[in-house]
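Chemist: Once you have looked at the hints, place chain B with the ligands on chain A.
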Amino acid sequence: MGGTSGRPSTAIRVEGLSKTFDTAAVLHDFDLDVRAGELLGLLGPSGSGKTTLLRIIAGLDFPDRGRVLFGGDDATGLPVQKRAVGFVFQHYALFKHMSVADNIAYGLNARKRAERPDKAEIKRRVGDLLDLIKLSGFADRYPSQLSGGQRQRVALARALAVEPRVLLLDEPFGALDAQVRKDLRRWLREIHDRTGQTTIFVTHDQDEALELSDRVAVLDKGRLEQVGTPDEVQDNPASATVLKFLGDAVEVEAIAEGGQVRVDGRPVPGVVAPAGLIGPVKLHVRPWQFQLTDPSAAHLRGTVRSSHRSQGRQRIEVEHGPGRPLLVEDFDGERYAAGHPVGLRIVGGYVFA
Amino acid sequence: MSETAAATFAAAPAKPDTPRSAVTEGRAVRWTLTAIAIVFLALFLVLPLATVFVQALSKGFETYIATFREPDALSAVRLTLIVAAIAVPFNLVFGIAASWAIAKFEFAGKSLLVTLIDLPFSVSPVVSGLIYVLVFSAQGVFGAFFVQHGIQILFALPGIVLATIFVTFPFVARELIPLMQEQGTAEEEAALTLGASGLWAFLTVTLPNIRWGLLYSVLLCNARAMGEFGAVSVVSGHIRGLTNTIPLHVEILYNEYNFVAAFAVASLLAGLALVTLLIKSILEWRYAGELAAGGRH
Ligand SMILES: Nc1ncnc2c1ncn2[C@@H]1O[C@H](COP(=O)(O)OP(=O)(O)O)[C@@H](O)[C@H]1O
Ligand SMILES: [Mg+2]
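Residue numbers (the UniProt record's numbering), protein chains in the order written: chain A, 1 to 353; chain B, 1 to 297.
It should be emphasised that the hints constitute simulated quantities derived from the structure, not laboratory data. Quick reminder that beta carbons are idealized off the backbone N, C-alpha and C, glycines included. Be aware that one or more of the hints could be misleading.
Ranges between beta-carbon positions, derived for each pair [stated by the list, open to error]:
(1) B:Ala-101 to A:Arg-141: 41 to 47 Å
(2) A:Arg-65 to B:Phe-142: 45 to 51 Å
(3) B:Leu-130 to A:Asp-64: 49 to 55 Å
(4) A:Arg-141 to B:Phe-44: 47 to 53 Å
Covered, in the sense of this in silico footprint (three residues per stretch, anywhere, with C-beta under 8 Å from a C-beta of chain A), are these stretches of chain B [unchecked claim]:
(5) 189-197
(6) 203-214
The following block holds chain A by itself, in its conformation from the complex (with noise of 0.2 Å):
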């Protein structure tokens, strides 16, 4: 996303949400922009108020404070009817006795005749949207006659048919196994590319929120921890938990003193601490910043405690004191046994304040 172009207009703003359920606080005073024809990637671990955020947009749900803003208008009394968001619900929600394309002309259906386009209109425009979702054949069949990819797929035309200003999706390929979810995310965003739908995206699983989003917002407890591209969010993960929700990091003991990083006296390449930060501080490392290495000229030293393979690169944990072994991610060079010693260069990591 080029910060040159212009700026994009904001679709959706949440301000200062919270909501409580019976006495478990669930959103703490939460901010956020959509902008428009973004995908925008939720991301946070199960009970972080993921689905709770993503229903008060909707207007499914109601915020004990804050407000919803479409397009710069006050949304937060309307009405879910009035509010023109397309839902797509983790357990598809299909209408069990409708056949596919009824549910599909559902919305178009339920409105007003004055609003209603025709017969003719709308069998046109389900014709259009079976062909979206690559089903031309299935327009009869019923949902129990589909596959899990399937329904999710008419889920997704259901929710289109009404030209929506924002498409919510909540875990929508949550309930699938890994390869269908692989191609239905390939899928989703050939979707987006051509269509342009503003689009909000929940979703617990890293991987898809990076792969798919254009914007990504990592919730925790609630609460909103970073918000930023794919790129933003991995570079500069703004708090350790964000680092931690985002792949494997381990946390070794260092120093921090003028602005320099060092863990056994050497310092840390490519790590500055943050201003004003002197003394012992917890870094984190991602696998790949460790290198194998002579122990001699090593930040850390240990022995190999166990090693595989897997896509072309070694995971190799490597014993080192008490408490947990570190991961080490290597290049398949050369082959350590178990008990062998080794040393270990730190060539990155994170530092928070």
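Modeler: Just chain B with the ligands now, with coordinates in the frame of chain A:
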């Protein structure tokens, strides 16, 4: 070599043609149990039902038909139909509303409402009838008000309808609550996000999803409404040709030793029971998946 042969030989008889599980009883036990069940059913259910028709037709078909030309019998049939025609739709609406509220919303007093809905099943119908007498008699809580306004509740159609509604009102709600709970609110929410009004979502999504359960429960509700004796007997006053329903009329004829007529009229109820049973079985067989699993009565 010989060892292998012996082993094969020994293994052969150990492999039975149908594996017998631990819970499968021997053939003799199975047959005995089945026979006992059949004899019991024949003795206590089929025989009495058959007797009704045999007795009804014992003086010939002409006499049987003549029973229904009698004005009192006709009036009993008419009253029963009217009562059912009011009580069943009322409980249909009440049942749908109550189960909708209970299954799809959280509110204070919900479990109390569920318990109250079951009350008529646990109270003897005679007691239910007596409650209405107490409430609506001239000395009762509301009685004075209605007497002042010249409205007759007890010993008239309104009392009979009220008593019938009371004893039949669990039927629809009891079937629909588990059914609606099982189905949840996801489809309705989907309909709302697509722009449907609450009423439209109810008509096009909720109702079709419960249609067979609804038919099933209405059928049972109707059978009970037409056949109710205890509660109706207390509030009706047994006025011949006026406040007698079919069951009450049968009792009167029977007490007058008019057995053929009694059984002839009773055969209507027996016929109703058979038709109900038939449709109920068809529904259970054909739409088992769309009925509430726990709601079978
Ligand atoms: N209707 C509800 N009643 C009570 N608690 C709820 C309700 N909906 C969600 N919660 C609670 O709110 C928290 C966040 O839920 P949710 O928004 O579904 O998280 P996520 O979608 O990120 O998994 C959870 O702890 C959940 O138990
Ligand atoms: Mg969720």
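Chemist: Between B:Leu-130 and A:Asp-64, does the beta-carbon spacing fit 49 to 55 Å?
Modeler: For A:Asp-64 against B:Leu-130, whose Cβ atoms are near 50 Å apart, the range 49 to 55 Å holds.
Chemist: For the stretch 203-214 of chain B, do three or more residues have a beta carbon lying closer than 8 Å to a beta carbon of chain A?
Modeler: It holds: at least three residues are needed, and the stretch 203-214 of chain B offers 4 whose Cβ sits within less than 8 Å of chain A.
Chemist: Within 41 to 47 Å: is that where the Cβ-Cβ distance between B:Ala-101 and A:Arg-141 falls?
Modeler: Hint violated: Cβ distance 34 Å, outside 41 to 47 Å.
Chemist: Using the Cβ atoms, figure out if A:Arg-65 sits within 45 to 51 Å of B:Phe-142.
Modeler: With a Cβ separation near 48 Å, A:Arg-65 and B:Phe-142 satisfy 45 to 51 Å, so the hint holds.
Chemist: Tell me if chain A covers the stretch 189-197 of chain B under the three-residue, 8 Å CB rule, please?
Modeler: holds (count 9)
Chemist: Does 47 to 53 Å hold as the CB distance between A:Arg-141 and B:Phe-44, or does it fail?
Modeler: holds, 49 Å
Checked against the numbered hints given earlier, the structure breaks only hint 1 and satisfies all the rest.
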